[in-house]
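Asker: Single-letter residue listing:
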Amino acid sequence: MRLNFGILKRQKSPIPGFGLTMGYTIFYLSIIVMIPLIALFTEAFSMGWQAFVDASTNDRVIASYKLTFLTSLIAALVNTFFGLIVAWCLVRYEFFGKRVFDAIVDLPFALPTAVSGIALTTLYSSQGWFGQYLEPLGIKVVFTPIGITIALIFIGLPFVVRTIQPALEEIQIEQEEASTSLGASRWQTFYKVILPTIFPALLTGFALSFARALGEYGSVVFIAGNMPFKTEISTLLIITKLEQYDFAGATAIAVVMLVISFVMLLLINILQRWSSRRRGMEAI
Amino acid sequence: MKTRSNSQTSLDESKAVQYLLITTAVLFLGIMLVVPLITIFVEAFRKGAEAYFTSFNDEYVLQAIKLTFITAAIAVPLNLVFGVCASWAIAKYSFFGKSFLITLIDLPFAVSPVISGFVYILLFGAQGWFGSWLIENDVQIIFAVPGIVLATIFVTFPFVARELIPLMQEQGNDEEQAALLLGANGFQTFWKVTLPNIKWGLLYGVILCNARAMGEFGAVSVVSGHIQGVTNTMPLQVEILYNEYNFVAAFAVSTLLAILALLTLVLKYILEWKVARELKKLKNEE
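For the protein sequence lines, the chains are A and B, in the order given.
Under this note's numbering, think of the first position of the first sequence as 838, with each following residue one higher.
Under this note's numbering, think of the first position of the second sequence as 2, with each following residue one higher.
Looking at chain B on its own, in the form it has when it is part of the complex (with noise of 0.2 Å):
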């Protein structure tokens, strides 16, 4: 049996064994993560500066970077709402069926994204449900934006809800019924009292959400129909750019998505880090 003079140390590995560790995990998350993510801007940047920046000079590309902005800015809104009211039904008041009704939001979260913009073409497209009703009133939505954005919506439901759920159960009703005591009406009271408190947990729902929907490949694939320059986002213009032989145009598209990634993954680590110190701070108040 070893003994150690301090005990903190006796609590640690050898040296040897913290090194191969290290060594392990930093190896394995290197070639796993950070060599595909530099891969695709040496790939973008293969043929160098021009090539790259000509492949934005294209107007096809254009108009996927056009769509996908479009699409985020109608799903992203529509889910930040539903995530805001879902939370303060399911937080503020206890009620049968609660646990239910949290994983009724998450489901779609389990469904594959090809079956998430499928289930859309059963009810929208020629053949389905509503097909020949939408027909008939030259509505399109399978093979045309509607679709895309409904697709993305799906994708990107839970986002909202299941941040603020748990935050807003951490904290509470105290602060809501003081302002409701004190006069203040229902709304006020949201805007006043509540929305401060859950406003870092808001926006790293939607910066999640909107990553999501900027990058949601499978299902709007399935329901867009790839009409260049008009049911195309970023993501499936890489896709038919890398299936023509155009790598240097498929990567530099991708260093866009690329670039919002990272960009949502600083936001992330800062915003914990906020709601932390939040939760912090209220535990402290107790």
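Here chain A stands alone, though its shape is the one from the complex (with noise of 0.2 Å):
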């Protein structure tokens, strides 16, 4: 391997405007968000190890990362398998209202979080559209777990559909005529052809939709009740420290929740170059 003194060591392009442009860009990516974020984890070092051990992991925050992974977990997975059907729908068959419906998908991606979060608590609350018939049943939705997953599901929901959409798209339709010539149902050849194509796709619009949702607090935060050991998600913890001028234990949370966020970038990102290697197969 060639080795490289200068790590943005440019070739030569008759192009004017690398060291401007370049050095703005280093510039104000330094300010606004590489400072803040190291003097967030310089912050958690200077706590020490078991300070940050002791803030990062008592009872009622290991209670808070609980409750945050399940109802995400749960709401990603809702939402890829209703994503994949409405994908499906919106490249495949022609109805009345697609593209309203092509559209609205992008809804959660434009409305605030916290309006959002006012919409659905009073959907669901015990006298709201859905609540009063929801009760009658022994569900109660607002200040439980379920209200926090409902929130998930309407904020994840694009982040599955929109990556999918495009996988879909780009199926051969010569690999499900040959599938189909061969003598395979249309079950065995959407699940034994097309499902495969499109699995790095479905597992990418998983892992963003888990990422957004663990990381979610407008829309949360209204519906969920903010019990501590109950219905309290991590991120709102978080406020709850601040608020109680607990910046050490805000910082060893912030910690734990980014380092996490960082994983599941890297994990994208390997999925998603997964992705495209194999569509670009498929070009071939």
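Simulated from the structure, these hints should not be mistaken for lab results.
Certain hints may be false.
As the list claims (entries may be wrong) - Here are the computed lysine-lysine pairs in the PhoX-like style, where the Cα-Cα straight-line distance is at most 25 Å:
{"id": "1", "chain 1": "A", "residue 1": "935", "chain 2": "A", "residue 2": "1067"}
{"id": "2", "chain 1": "A", "residue 1": "935", "chain 2": "B", "residue 2": "16"}
{"id": "3", "chain 1": "B", "residue 1": "99", "chain 2": "A", "residue 2": "935"}
{"id": "4", "chain 1": "B", "residue 1": "281", "chain 2": "A", "residue 2": "1029"}
{"id": "5", "chain 1": "B", "residue 1": "200", "chain 2": "B", "residue 2": "99"}
{"id": "6", "chain 1": "B", "residue 1": "193", "chain 2": "B", "residue 2": "275"}
{"id": "7", "chain 1": "B", "residue 1": "281", "chain 2": "A", "residue 2": "935"}
All of these numbers come straight from a predicted model, not from anything done at the bench.
Hints in hand, dock the two standalone chains.
Answerer: Right, dumping it as structure tokens:
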């Protein structure tokens, strides 16, 4: 391997402006993103190992991790299942209002989380449109983990649909024809030809939805009720610690959450590379 | 084994399966997305149009609307300039560490909004790195407007850049090189050649950036201090009104944000179509 001195050393190009644009990019990236994030990790290191472990693993914090993980996982699974159906219908079928439904999939991206939060809470409260029918059945949504899960399904859905859609669009019709002509039923073709092809995209969508859910705050706080040990998610616990001026406590939880986010980001990058390589092979 | 006369239909599911899937998709989208959207408007008008409009006749609400616009008016242009610079540097040259740089630019999307706000408290809060210096010089960032703007810039950081980078990479350097060869300087080349090529993608990024900047809640909530009339943006005002059981007003302010969201979706849809057409044109020229 050839050694590079200067990480961002460029090859010769006749286009001017490299120094200016790269310089500004690095400068802006540093002051807005890198230095603040480094501050967080420095703060965590200065706490000392024992204090960090105590603050990031006490019972209340562990309960919040468990709740956050479980609700995010269920929400991502629900989104993957229904997201596949939605993407499939949008790509393969024609039906009334298809364009509107296609556009509305992005609503959770565009709608402020606080607004989604109060709308969902109102819907599922005991007098709400949905809550009034669910409550007599013994299903309490608001101020329970079910409510948190519903909010997380809401915000995670577009990630799954928008990841699967392009993968479905690129499937070569010849593969399905070959499979069918060899005697496979429609279900077998789906299960043995289509599903393996879109599997990386499916997994990426799941991971994106899960990662987003882990860090979500706005849409969840209203419906969660925020009871310690019961419905208190990790991001909310960070805010609670901040309001009590427990900066060390907040830092410890934030670092744990951030490290998990970075691991998820790495996984998603690997998945996307896998996914595009697989699609690249298809094109050949 | 089933045989069908037409080879095309053998690739389709049976009508029953199709109806089942479409019904499931429509019901799911309806229950999860459409009904919550409708609820916002129904709740806002629950006590009539008059109550709806009176909600805006409130100093704090108007201040919140103003602050939201100010915040977006600072954050969006800054991220726009950055996005253009970053995509120029990344798309027009080849250098070692490019994909790492792209990952770093995308990083704010992976960070929880709450943490995005919190990191600025660690830097600029009373006990933060620059806390004592800021107090001595009487500069307030946290629990003040600059903190809100900073947190908003952080969460909307990647929008323009991540839209432009792939677009500019796809378009390559040929046209710019031709312009330079004909005697244009760097700035003219950007202004007359590059910008017209990327305008729809740029607008797309700006619109998404703006929607998030006006709607951000978590990050801004951490640094705001919730001082009514001073450091409350629209989403924070929604929270306060809701927690005061003033539901009509909370949803009334929400309708403005919902309309903004719907407008964003419509523009996004149109621009996606424009960008796709532009890229297709590019492929045909090749």
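Asker: Next step is simple, just say for each hint if it's right about the structure.
Answerer: Against the structure, the hints come out as follows:
Distance restraint check for residue 935/A and residue 1067/A: the Cα-Cα separation of roughly 40 Å exceeds the 25 Å cut-off, and the hinted pair is therefore not satisfied. Between residue 935/A and residue 16/B, the direct Cα distance comes to roughly 17 Å. Compliance with the 25 Å bound is thereby established for this hinted pair. Of the supplied pair hints, the one linking residue 99/B and residue 935/A is violated, its CA atoms being roughly 39 Å apart against a limit of 25 Å. For the given pair, residue 281/B sits about 32 Å from residue 1029/A by alpha-carbon distance, which is inconsistent with the 25 Å threshold.
Annotation: proposed proximity of residue 200/B to residue 99/B holds, straight-line Cα distance about 24 Å (limit 25 Å). Pair hint residue 193/B plus residue 275/B holds up; C-alpha atoms about 19 Å apart against a cutoff of 25 Å. Proposed proximity of residue 281/B and residue 935/A is supported: the alpha carbons are some 23 Å apart, at most 25 Å.
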